[in-house]
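**Student:** Residue numbers (this note's numbering), protein chains in the order written: chain S, 1 to 159; chain P, 1 to 159; chain Z, 1 to 159.
One thing to keep in mind: the hints can contain errors.
[Said to hold, decoys possible] Calculated cross-link-like contacts (lysine-lysine; reagent style BS3-like; alpha-carbon spacing at most 30 Å): (1) S:K6 x P:K6; (2) Z:K97 x P:K139; (3) Z:K89 x P:K131; (4) S:K114 x S:K5.
Hint data in this document are derived by calculation from the structure and do not stem from the laboratory.
No experiment lies behind these values; they were computed from the predicted model shown.
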Amino acid sequence: MANEKKLSIIAFSGDFDKLTAVFTLATGAAAVGYEVNLFFTFWGLDAIKIKQGRSPVGKGFLPKVFGVMMGGLKASPVSRLNFFGVSPKIFRYLMRKNNVATLEELVDAAKQLKVNFYACEMAMHILGLQKADFIPEVKDVLSVASFLRLSEGGQTLFI
Amino acid sequence: MANEKKLSIIAFSGDFDKLTAVFTLATGAAAVGYEVNLFFTFWGLDAIKIKQGRSPVGKGFLPKVFGVMMGGLKASPVSRLNFFGVSPKIFRYLMRKNNVATLEELVDAAKQLKVNFYACEMAMHILGLQKADFIPEVKDVLSVASFLRLSEGGQTLFI
Amino acid sequence: MANEKKLSIIAFSGDFDKLTAVFTLATGAAAVGYEVNLFFTFWGLDAIKIKQGRSPVGKGFLPKVFGVMMGGLKASPVSRLNFFGVSPKIFRYLMRKNNVATLEELVDAAKQLKVNFYACEMAMHILGLQKADFIPEVKDVLSVASFLRLSEGGQTLFI
Chain S
1 MANEKKLSII AFSGDFDKLT AVFTLATGAA AVGYEVNLFF TFWGLDAIKI KQGRSPVGKG
61 FLPKVFGVMM GGLKASPVSR LNFFGVSPKI FRYLMRKNNV ATLEELVDAA KQLKVNFYAC
121 EMAMHILGLQ KADFIPEVKD VLSVASFLRL SEGGQTLFI
Chain P
1 MANEKKLSII AFSGDFDKLT AVFTLATGAA AVGYEVNLFF TFWGLDAIKI KQGRSPVGKG
61 FLPKVFGVMM GGLKASPVSR LNFFGVSPKI FRYLMRKNNV ATLEELVDAA KQLKVNFYAC
121 EMAMHILGLQ KADFIPEVKD VLSVASFLRL SEGGQTLFI
Chain Z
1 MANEKKLSII AFSGDFDKLT AVFTLATGAA AVGYEVNLFF TFWGLDAIKI KQGRSPVGKG
61 FLPKVFGVMM GGLKASPVSR LNFFGVSPKI FRYLMRKNNV ATLEELVDAA KQLKVNFYAC
121 EMAMHILGLQ KADFIPEVKD VLSVASFLRL SEGGQTLFI
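Please construct the entire structure, taking both the sequences and the accompanying hints into account.
**Tutor:** Take a look at the structure:
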């Protein structure tokens with residue numbers, strides 16, 4: 001059935017390894033014909049921000065504190081190895097050395113494979129973000145209810 | 001189909017941001033007519049404890065160590081910002097400032113929207129908790145198998 | 001319907017508590033007749049390694065850094081209590097004291113209940129692991145796409 005070929009992921013984490021998992025699953029599924037919907041929320045919004053170096057969080061002191069923590073893809077920590085600091089680099093190095101796609105390449109592949117990118121309305125409100133803060137591939141800003149409706153009939157993961 | 005309007009969440013984490021995600025998804029889904037089942041287990045049991053300030057974990061030294069870590073909703077750390085300590089407060093402040101429901105409000109909304117609360121039997125055994133330790137909205141104590149049966153035919157998330 | 005009796009878990013985390021959740025869900029579901037498929041990836045590969053004390057990660061300096069972090073089941077940290085170091089022990093003690101199966105017992109039960117173990121091809125590439133590094137119960141090495149196909153029509157969780 002058509003509805004069995006749909007994968008929806010709520011991308012909540014901003015950790016490098018978890019974002020890698022999100023995009024590995026997304027591209028792996030899209031490559032074999034799945035409809036893939038990614039719903040970026042909270043820390044996961046990192047992955048779809050424009051200008052990865054700059055803090056996209058709204059103006060003011062408190063949003064800035066979050067901004068420092070949300071420095072974009074290249075800065076995203078590995079969940080378990082955060083203390084070492086070097087670990088995203090090691091991860092990246094191992095991926096490169098073993099001919100596995102890096103996170104940036106996986107994001108590019110996801111775009112080319114027509115993976116659907118959505119941003120979470122509520123998290124954007126909390127963090128003071130606008131649609132203009134995200135890459136143009138972000139198709140729409142959705143409420144939780146809209147995303148759930150979109151993902152009906154398929155497999156849905158929270159990462 | 002009826003079975004496409006069901007959302008079940010295994011609420012495992014006690015982190016403030018993840019619990020916010022649990023209740024945002026739950027209320028968002030319930031508001032548009034979904035049957036929503038929340039299965040609180042391990043650290044997630046924090047969210048349904050009575051008297052948030054008091055340790056609900058059973059008697060004895062070792063359960064107390066866990067009790068300190070499980071101080072209830074107001075004490076729940078944000079998963080990525082735990083080191084700063086201040087971050088749940090910042091989060092709460094941003095939610096308030098931007099007119100987004102706080103976690104406590106989301107829990108209240110979930111109750112009013114008839115979201116079903118269940119507690120995990122096995123985690124209660126490990127942590128020495130009784131049904132009486134939880135808010136009265138907790139409908140039942142369930143085994144893993146019973147919860148899986150309950151969530152069949154819908155979307156199930158682990159958070 | 002047959003397809004409603006299938007539980008598939010992407011076991012990504014190497015944390016003691018999350019692995020406990022994986023195997024509790026797996027055995028709970030298998031015990032009531034579910035087909036259960038576990039897909040071990042990244043840190044989750046810990047759970048299926050042979051010789052838990054030894055680093056299974058490939059040769060060279062950088063894989064060794066990962067190897068130290070991936071010391072197998074007995075060394076797996078509890079996600080929230082990692083700083084204390086003692087917590088997996090406390091957890092284990094509480095499980096023992098309250099007659100709840102420990103993680104090792106849950107893994108054994110999963111094998112006996114014919115839970116299907118699969119290893120993630122891509123994570124093995126990154127970490128330089130071979131099928132021979134895993135316990136013989138590992139049925140196959142699968143791509144993401146193959147695992148998604150396998151899990152179609154059932155409930156799928158990411159832990």
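**Student:** State the violated hints by number, sorted upward, taking the hints as numbered earlier in the document.
**Tutor:** none
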